[in-house]
Every structure is written in structure tokens, then in C-alpha cells.
Amino acid sequence: MPSVVCNLWKQFQDTGSIERKPGQGRPIATTVTEDCYLSIIARCNRGATASQLSRDLYAVTGICVSRVTVYKRLHETGLFARRPAVCVPLTSTNRRGRLAWCREHRDWSMDQWATVLFTDESRFSLNTDSCCTFIWREPGTHYLPSNVREIDHNGGVAV
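Mind the numbering: the sequence shown is residues 1 to 159 in our numbering, read in order.
Please note that a few of the clues may not be correct.
Said to hold, decoys possible - Ranges of calculated distance between the beta carbons of each label pair, as one might list FRET restraints:
hint, residue 1, residue 2, range
1, Pro139, Glu104, 49 to 57 Å
2, Val60, Pro139, 25 to 33 Å
3, Ala85, Pro2, 52 to 60 Å
4, Gly140, Cys87, 14 to 22 Å
5, Val116, Glu76, 29 to 37 Å
The set of hints was computed from the structure by calculation and includes no laboratory data.
Even for Gly, the Cβ is constructed at its ideal location relative to N, Cα and C.
Please model the entire structure based on the sequences and the hints provided.
Okay, here's the thing in C-alpha cells:
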């Protein structure tokens with residue numbers, strides 16, 4: 001059985017080069033248009049999983065690709081699956097209360113702050129998928145409004 005080295009030496013003697021012939025290798029599973037479509041639907045539905053995007057692509061084009069292929073194509077277009085930033089939604093009443101508290105305490109001295117007991121609250125979610133939710137986003141866009149999810153107050157418990 002000829003080895004890789006023997007094959008390369010024979011190819012070099014025949015052609016003067018060891019470069020691969022064009023067209024060799026595994027064919028690409030998706031076209032540029034399909035890659036563009038994947039990128040568009042991932043940007044429109046940032047919370048979709050790679051499997052869901054694969055099914056969407058199949059429904060539109062009839063091309064069946066794996067979720068790994070979807071990941072690779074989206075990485076090539078600059079989209080990565082990341083955890084979304086979270087924020088606490090504030091009502092106007094909450095905002096007024098927080099602003100009043102800040103105004104009352106803005107001129108406190110270090111001695112006054114030293115008498116305050118700070119606690120560390122741990123928050124647990126009763127929803128099973130709250131920490132496992134990912135969104136498709138570009139690097140450097142962590143805090144854009146489209147990439148921020150509000151915390152669900154009803155599903156969590158503070159301890």
C-alpha cells in the first residue's frame with residue numbers, strides 16, 4: 001500500500017508540485033445564498049437553536065444540514081451563540097423610588113456607609129432553561145438592546 005510520502009513524491013516527479021488538485025475534498029453542504037439565509041433568520045430570531053435553524057433551512061430549501069454545519073456557517077458570518085445580558089425591568093414607580101433613595105444617600109460619609117449591613121442575595125430560577133438560553137450575536141454587541149433579556153420576576157426565588 002503506497003504511503004502519503006510515496007504519493008507526494010510521485011506527484012512531485014510527475015507535475016513538479018505537491019499542491020492538491022482543484023475540486024478535491026468534501027463538497028460544501030450549503031451555497032452562499034443558503035449561508036446568507038441562515039444568517040438572516042438567525043439575526044431575526046436570535047433565540048433560535050441551531051437545530052431550529054437547520055429545520056427552517058430545510059423547510060425553505062429542502063437542504064438537510066446538521067446543527068454543527070449551522071454553527072460553522074454562522075461563525076463564518078460573525079454570529080456566535082452566547083448567553084444574553086440580563087436586566088431587571090423597572091416600572092416608573094421603581095425608578096422614582098430608586099432615584100429618591102439615591103438622592104437621600106448621595107452625600108453620606110464613609111462613616112455612615114460603614115454602619116450599613118450589606119447582604120449577598122442568591123437568586124434561583126424555577127424555570128429549567130433560564131440559564132441555558134443562548135442568542136446569536138456578533139462580538140462586541142453584548143449590551144445592545146436586541147441582545148438583552150429581562151429577568152422573569154415570577155419564576156425566580158431570592159434567598
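Results for each hint:
1. Remark: the range hint 49 to 57 Å for proline 139 to glutamate 104 is contradicted by a beta-carbon distance near 41 Å.
2. In this structure the supplied range 25 to 33 Å holds for valine 60 paired with proline 139, their Cβ-Cβ distance being about 28 Å.
3. Separated by about 56 Å at the C-beta atoms, alanine 85 and proline 2 satisfy the suggested range of 52 to 60 Å.
4. Restraint check, glycine 140 to cysteine 87: a C-beta distance of roughly 18 Å satisfies the suggested window 14 to 22 Å.
5. In this structure, valine 116 and glutamate 76 break the distance hint of 29 to 37 Å, their C-beta atoms being roughly 51 Å apart.
In summary, the structure is inconsistent with hints 1 and 5 from the numbered list given earlier, while agreeing with the others.
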